[in-house]
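Could you build all of it, start to finish, from the sequences and the hints given here?
Now for the letters of each chain:
2 protein chains.
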Amino acid sequence: MEHDSISRYRRFSRAVTRQVGALDQSFLGRGRPLGSARVLNAIGQGRCDIADIRAYLGLDSGLTSRLLRGLEDEGLIETRTHPDDGRRRVAELTPAGRAEFDAYEELSDTAADRFLSAHPDPDAILAAMDFIATAMNRHAVTIDRVDPTSTAARYCLARYYDELARRFEEGFDVALSCDPDASDMVPPRGAFLVALSDGLPVGCVGLKGNGGKLGEVKRLWVAPDARGTGLGKRLMAAIEDEARALSMDTLRLDTNRALPEAYELYNRNGWTEIDRFNDDPYPDFFFEKRLV
Amino acid sequence: MEHDSISRYRRFSRAVTRQVGALDQSFLGRGRPLGSARVLNAIGQGRCDIADIRAYLGLDSGLTSRLLRGLEDEGLIETRTHPDDGRRRVAELTPAGRAEFDAYEELSDTAADRFLSAHPDPDAILAAMDFIATAMNRHAVTIDRVDPTSTAARYCLARYYDELARRFEEGFDVALSCDPDASDMVPPRGAFLVALSDGLPVGCVGLKGNGGKLGEVKRLWVAPDARGTGLGKRLMAAIEDEARALSMDTLRLDTNRALPEAYELYNRNGWTEIDRFNDDPYPDFFFEKRLV
DNA sequence: ATATTTATCTGACTAAAGTCAGATATAATG
DNA sequence: CATTATATCTGACTTTAGTCAGATAAATAT
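These protein sequence lines are chains A and B, in that order.
Its first residue numbered 943, the first sequence is counted upward by one per residue in my numbering.
Its first residue numbered 943, the second sequence is counted upward by one per residue in my numbering.
Honestly, the hints are just simulated from the structure, not real lab data.
Please note that the accuracy of each hint is not assured.
In this list, chains with the same sequence are indistinguishable; a pair is considered to hold if it fits within one copy or across any two.
Simulated pairs of lysine to any residue, SDA-like, Cα-Cα distance not exceeding 20 Å [unchecked claim]:
| no. | residue 1 | residue 2 |
| --- | --- | --- |
| 1 | K1175 | A1060 |
| 2 | K1231 | L1106 |
| 3 | K1175 | D1063 |
| 4 | K1175 | H1024 |
| 5 | K1175 | A997 |
| 6 | K1155 | L965 |
If you want it as structure tokens, here you go:
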């Protein structure tokens, strides 16, 4: 018996396959084939567009059609043509379908809950799961503009502040920093972007504007799980695009010596170090970039 | 979008399912249905007994029979009746079957390798995978007697010594401790047990004897991943059984104040604190237990 | 206006997976 | 010894999954 990395990976794979397989078996217990259950779940998760469902589940159009017909015959869903495009169709759960979907959710939830609550340290297990899922979803991180007061944004900011408090020698207190007002990071003055990996926020960046041609980049953060994947660079590129769309021509930012990877990121991506431009107590370095 | 524990578990589950599904697709690429491939792999892993294969893969006996017949027709396996029981049959790979099995192994290995080497920190990923797999295999930890010089035993001991070096204020050097000779932990003088979770060692304990009625318990270790699951108690019960089987009637052990959980374990399980019985520089506490 | 593309549906398939009731031979039990 | 249990096999199914070639109707391009 060896303990090299490949056999460890495969041990993990066996363990998880067994766990996931058991859930599939319990899904079968509701007397519906797995294919139908998967379609019902996709619709319950809000995928109403049939082309979307087909792409998500990787199904043939004929098969999809028949599965939908089956769910319709059971009275679990209703379909109608898409309001904007007469070729497409959209599906929706009926009340009975909603009840059935909830039953499936319940099965998933109890499977998850039973596993997590049986473990002496559920938080550590969840952290390990986030880490692995983020690694597996690496190619599929989306960057979305959100309101800086949304759940996802606040989740990121809380982790960002925690990290500053840990890494700055002098600690960190938001109140002492030049905290941009949320309204400065909302169009038309600015923007706030969150990187999502299958729904979990793994990074953020803010753009603070005053209505003029000068903007300031704030709150760049990448989750520890997602570091080393070029996400910081992607977020910076995305926020520059936002700035251009708001007709800005110059961006500024500040950073602290306790964050050397950020300093490197700015240096490598066309930013120039400039003189101090504010009296915030935390930053040590100041950068500027002209947008073309 | 919420970030509660259930949705994090399910995000993990989705990510892994997709990864596993991709591997299944690549298996299909070898032109054999998944069912046959799974049986071939089970045989290649050394499951020769057909009843065992059936139980492992959860298949109907008729289906198993047909899948085996198919592999036999392809010239990949041979079956013959079990030497000890004329009703049972055993399967074995032919050279062609071995080659085919190796091709499947190659697919798994490259999938694992591609994933691990694409990540900036493969060691952290593997640690997280071990942690999760151990948690999922919790109910399936076996305790086996092994030679203390075997790979599994040395793996455990190396981690045990590392941990002592980290936790003892004064550090730890095996050479200074009363290191029992390996021959004292092998029958008929003693024993060495390793706890395996699907092949990965997650704990150990040694029994050092001198041929008489007195034995000494040494090297009790439980992997951090497996703590909180009662494995320490199971290992201690198993080593007591070994001692009884060797006709011992009294066991002793020593421990250090830097290992309070061990102290508690002995206190809770029928051990009595006694006076120092050796001049090893490391231990602070000494225990004895009479076996009934 | 006509031609082409796109999204979905239908019918006619095939392949794979799974079920079930015997049949057969061996092993274990009283 | 007869009886019962066990392991496997075979034949005759059903269900599920997946494929493919049109048909239909709406959208888009020329």
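Going through the hints against the structure:
Proximity of K1175 to A1060 under the C-alpha cut-off of 20 Å is restricted to the inter-copy arrangement: shortest distance 18 Å between copies versus 40 Å within a copy. Taking the shortest Cα distances, K1231 and L1106 never come within 20 Å of each other, neither inside one copy (24 Å) nor across copies (52 Å). In this assembly of identical chains, the alpha carbons of K1175 and D1063 lie at most 20 Å apart only when taken from different copies (19 Å versus 34 Å within one copy). Proximity of K1175 and H1024 under a CA criterion of 20 Å is satisfied in neither setting, with 38 Å inside one chain copy and 62 Å between copies.
For the identical chains of this complex, K1175 and A997 are neighbours neither inside a copy (29 Å) nor across copies (50 Å), given an alpha-carbon limit of 20 Å. For the identical chains of this complex, K1155 and L965 are neighbours neither inside a copy (55 Å) nor across copies (51 Å), given an alpha-carbon limit of 20 Å.
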